[in-house]
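Engineer: Numbered according to our numbering, the sequence shown spans residues 480 to 705.
Don't read these hints as lab results, they were simulated from the structure. Do not rely on the hints blindly, as some may be mistaken.
[Stated by the list, open to error] Label-pair distances were calculated between CB atoms; the ranges are:
id	residue 1	residue 2	range
1	L516	R566	35 to 43 Å
2	Y691	L488	51 to 59 Å
3	L644	L683	21 to 29 Å
4	G680	L658	14 to 22 Å
5	Y691	A592	52 to 60 Å
6	R633	A504	51 to 59 Å
7	V687	R611	26 to 34 Å
8	L516	V669	15 to 23 Å
9	Q601	F518	27 to 35 Å
Cβ coordinates follow ideal geometry from the N, Cα and C atoms, glycine included.
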Amino acid sequence: MEDRLFAALQIIHHEILLFAVIGLALGGLDDLAIDILFFLRRGWRAARSGRTGRMTMATLPPSPSPGRIAVFIPAWQESDVIGPMLRHALDRWNDEDYRVFVGVYPNDPATVAAIAPIAIDQPHIIIGMNDRPGPTTKADCLNILWRAMLDQERREQVRFKAVLLHDAEDVVHEDEIRLFDHMIDRFQLVQLPVLPLPGRGSWLARAVANHYCDEFAETNWPLAQL
Numbered sequence: 480m481e482d483r484l485f486a487a488l489q490i491i492h493h494e495i496l497l498f499a500v501i502g503l504a505l506g507g508l509d510d511l512a513i514d515i516l517f518f519l520r521r522g523w524r525a526a527r528s529g530r531t532g533r534m535t536m537a538t539l540p541p542s543p544s545p546g547r548i549a550v551f552i553p554a555w556q557e558s559d560v561i562g563p564m565l566r567h568a569l570d571r572w573n574d575e576d577y578r579v580f581v582g583v584y585p586n587d588p589a590t591v592a593a594i595a596p597i598a599i600d601q602p603h604i605i606i607g608m609n610d611r612p613g614p615t616t617k618a619d620c621l622n623i624l625w626r627a628m629l630d631q632e633r634r635e636q637v638r639f640k641a642v643l644l645h646d647a648e649d650v651v652h653e654d655e656i657r658l659f660d661h662m663i664d665r666f667q668l669v670q671l672p673v674l675p676l677p678g679r680g681s682w683l684a685r686a687v688a689n690h691y692c693d694e695f696a697e698t699n700w701p702l703a704q705l
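Generate coordinates for the entire structure from the input sequences, incorporating the hints supplied.
Structural biologist: Structure (structure tokens):
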């Protein structure tokens with residue numbers, strides 16, 4: 480009796496192990512596929528760059544169909560950073576064809592006051608005021624900016640080529656408008672690598688910023704190799 484019970488337990492044990500092995504193998508297939516795609520893509524890029532040379536902004540040709548870029552910036556309680564961000568963008572994108580749409584709320588007068596002096600007599604900056612008090616979802620604020628962009632298209636009789644998303648604390652790059660204008664001809668979605676800046680100010684601000692530096696260093700470098 481005990482021998483038969485032990486034999487039955489052995490059979491059950493083997494069956495459970497078999498299902499576990501099969502489950503682990505199936506669960507690892509997606510990881511294996513990503514690894515294979517990574518090495519194939521990396522090999523293809525290495526072979527291609529070896530033949531043509533690595534593209535730089537100096538060698539990037541202009542877009543065959545240049546167009547105006549809409550930059551969406553949702554802003555809720557961003558009075559401390561939105562002003563310097565917009566001034567930096569205006570300085571860096573001086574000669575580019577773009578419009579910056581900033582989404583604000585009627586119950587956030589500090590952010591509106593930070594934007595207003597910059598937007599006066601500045602056609603590149605357009606304020607989109609939300610009908611409802613904030614905060615709302617980011618998607619809701621982006622919808623306000625989308626409608627503001629459509630209204631601007633009707634006003635200026637110019638169709639925007641693409642929408643570029645930024646946050647109020649971003650430090651923009653001087654070449655990104657030209658790069659997006661070129662790459663959007665080939666791709667429906669373009670995402671550029673983000674460089675995190677080391678923190679300043681209080682220890683908490685530095686800790687948060689440096690935490691993001693670690694995360695970006697761990698995740699964005701492998702993605703850039705794809």
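Engineer: Failing hints, ascending?
Structural biologist: The structure breaks hints 4, 5, 9; every other hint is satisfied.
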